[in-house]
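Based on these hints, arrange chain B on the given structure of chain A.
2 protein chains.
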Amino acid sequence: MRDMKGGMWIDRLDAAVARVQNPCLLGLDPHLDLLPGEFAVARDPRAARAERAGAVERFCLELLDVAAGRVAAVKPQSAFFEVLGADGVRAWENVVAAARARGLLVIGDVKRSDIASTAAAYAQAFLGGAPGLDPSHLCDAITVSPYLGPDSLAPFLTAGRETRTGIYVLVRTSNAGGGEYQRHGEPALCEKIAAAVAAWGEDFRGECGLAAVGAVVGATHPAELRRMRDLMPRTPLLLPGYGAQGATARDVAAAFSDPAHPWRGALVNSSRGIAFAWRAPEHASRSWKDAARAALDAMIADVRHALARP
Amino acid sequence: MRDMKGGMWIDRLDAAVARVQNPCLLGLDPHLDLLPGEFAVARDPRAARAERAGAVERFCLELLDVAAGRVAAVKPQSAFFEVLGADGVRAWENVVAAARARGLLVIGDVKRSDIASTAAAYAQAFLGGAPGLDPSHLCDAITVSPYLGPDSLAPFLTAGRETRTGIYVLVRTSNAGGGEYQRHGEPALCEKIAAAVAAWGEDFRGECGLAAVGAVVGATHPAELRRMRDLMPRTPLLLPGYGAQGATARDVAAAFSDPAHPWRGALVNSSRGIAFAWRAPEHASRSWKDAARAALDAMIADVRHALARP
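Chain order of the listed sequences is A and B.
Take 434 as the starting number for the first sequence in my numbering and just add one per residue.
Take 434 as the starting number for the second sequence in my numbering and just add one per residue.
With the rest of the complex left out, here is chain A:
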């Protein structure tokens, strides 16, 4: 039901990162209010919803041009598609299929969670396993929220084993208020969850040596990032917060530690900082797409430089 040639998601991802020689991840956040003028119909209240969703889709497909060959993966954010209802979800499916057709891995930023019987349905929706459904719009991995407990995450792990896909568990998020509940208790809850994520990954490892169970850890807390890496030594990390949210390439360096594979072990995400780079004064003379390309090239160079060991 899914092309198994590439093996487990983490091995496919690791190979793709080695190919592009950088660990950058392009987030696809088609925020209606921020889209370039040529896609303004997406926010036009008089336009039909399908037409609005079509503009969102076209914008994302053009971002895939920017991503292809430069980065290993893209991370579409489901909220910005769901706001246009079923038409938006159709656009999501087309964008995911197009990304995979271009050789990009897809990390669906859906932050789903529920009790086990329902979580199993979410896993089927995004990771596959339901008979008869087109696998082209399934993700290689998705983000999931842990508040409901380990039994709520188990169906995603089970689905991942079957469909060779994976999850990134939200452990420590990049937003200002993220610590309010995540750092509650002693040890902090996020450290308890980090230990659990590391343990699940011990049983589920790729050939590259990385665990096949990932964690989201905001790059906006560098000291905590180091601690998280210690707690989850083989866990693939997804690091939001670079760029628009204020984290620097130096901040993310603590997530990487293998001198033989300098890009291995984490993905550094930027969404708005790339897609909406055209809004920044330094890109005023460029088209939106040239601005995105330039911003992504600059990010890649910046991250490569920070990770180059003497």
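Some hints here could point you the wrong way.
Each pair may be met inside one copy or between any two copies, as identical chains are not told apart.
[Stated by the list, open to error] Simulated pairs of lysine to aspartate or glutamate, DMTMM-like, Cα-Cα distance not exceeding 25 Å:
1. Lys625 x Glu484
2. Lys625 x Glu635
3. Lys625 x Asp584
4. Lys625 x Asp735
5. Lys722 x Glu526
6. Lys625 x Glu613
7. Lys722 x Asp691
8. Lys722 x Asp498
9. Lys722 x Asp466
10. Lys722 x Asp735
11. Lys722 x Glu640
No wet-lab data here; the hints were simulated from the structure.
Using the frame of chain A, we list chain B on its own:
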């Protein structure tokens, strides 16, 4: 953009509960594998996805016949629609619109959450506020997950004020492993979140006296439910766990405390126990729909009996 006649969601809900004289909530979980035989095309891998979604929709529309006049609200579970992709989401929209057209309130069980800028898009998707989009498929309230912190919930509260809709924050869930992270720390994290939910509700109250910010508290932990009610005296609670998950009507009684309004303050949910009652031996002689009707009537009688004060 939304009919304001009924006022704030919690007042609309309170009035509807008073009308039907019971606090029961019918969950719509169209689990493909459990649907009655006449809807079997929903799980047929050879059928077109749109046809499969159509069967899910028809099943839910028939469940609305069962709900209408008996209960105040229904709670569709998004995962079982999303498994059929854009076609499933189209079915979700039609089911929500049909429920509202029949005078039922809709509590969308979507358990969404994200950092604030993204949470705002989820709020628009389910609670409204985006210009030009059809409001008929929006929910009266949705469930949201708190792990990302208070700033991640703020956009839902803001949207709720604007569109007179609301949220139920997951505080203490009904699943066996729910306590693993929710009860972490001293005081337990869920108690800290309960206090926050109560505080947000102090600023945002309906005319009925209940807060306009709700909480999900599993009925499967009766002692904790009492404690949660103490921490959130005016918070509308959503109580999963009755029936299929093992909680009894007596277990939920601690959530109610107003002798003048015996049904006020909480919704008692049952999903599989009603929709799939036909699978139980005692309903073997009935059609699936008659079984659902009988099971819902029995639940209503059971809950009314447990809440009747001497």
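Evaluate lysine 625 and aspartate 584 at a C-alpha cut-off of 25 Å and name the case that applies: within, between, both or neither.
both (15 Å within a copy, 22 Å between copies)
query: Between the shortest in-copy and the shortest cross-copy C-alpha distance, which are at most 25 Å for lysine 625 and glutamate 635: within, between, both, or neither?
result: Within one copy, since 16 Å is at most 25 Å while 32 Å is not.
*asked:* Please sort lysine 722 with aspartate 498 into within, between, both or neither, judging by C-alpha distance up to 25 Å.
replied: within (9 Å within a copy, 51 Å between copies)
Practice prompt. At 25 Å max between alpha carbons, let me know whether lysine 625 reaches glutamate 484 within a copy, between copies, both or neither.
Written response: So lysine 625 and glutamate 484 fail the 25 Å test inside a copy (46 Å) and across (45 Å) alike.
Exercise. Tell me, please, which holds for lysine 625 and aspartate 735 at an alpha-carbon limit of 25 Å: within, between, both or neither?
Key: neither (32 Å within a copy, 40 Å between copies)
- Using 25 Å as the alpha carbon limit, work out where lysine 722 and glutamate 526 are close: within a copy, between copies, both or neither. For lysine 722 and glutamate 526, the Cα distance is within 25 Å only inside one copy (22 Å; across copies 34 Å).
Original post:
Taking 25 Å as the upper bound on the Cα-Cα distance, should lysine 722 and aspartate 735 be classified as within, between, both, or neither?
Top reply: within (20 Å within a copy, 62 Å between copies)
* Intra/inter-copy verdict for lysine 722 and aspartate 691 if alpha-carbon distance must be at most 25 Å -> neither (34 Å within a copy, 60 Å between copies)
- Query: Within a copy, between copies, both or neither: where do lysine 625 and glutamate 613 come within 25 Å Cα-Cα?
  - Reply: Result: close both inside a copy and across copies, 15 Å intra and 10 Å inter.
Check: Should lysine 722 paired with glutamate 640 be assigned to within, between, both, or neither, using CA atoms and 25 Å as the limit?
Finding: neither (37 Å within a copy, 51 Å between copies)
- Measure nothing new, just compare the shortest in-copy and cross-copy C-alpha distances for lysine 722 and aspartate 466 to 25 Å and report within, between, both or neither. within (17 Å within a copy, 45 Å between copies)
In the structure shown, a violation is registered for the earlier hints numbered 1, 4, 7, 11, in ascending order.
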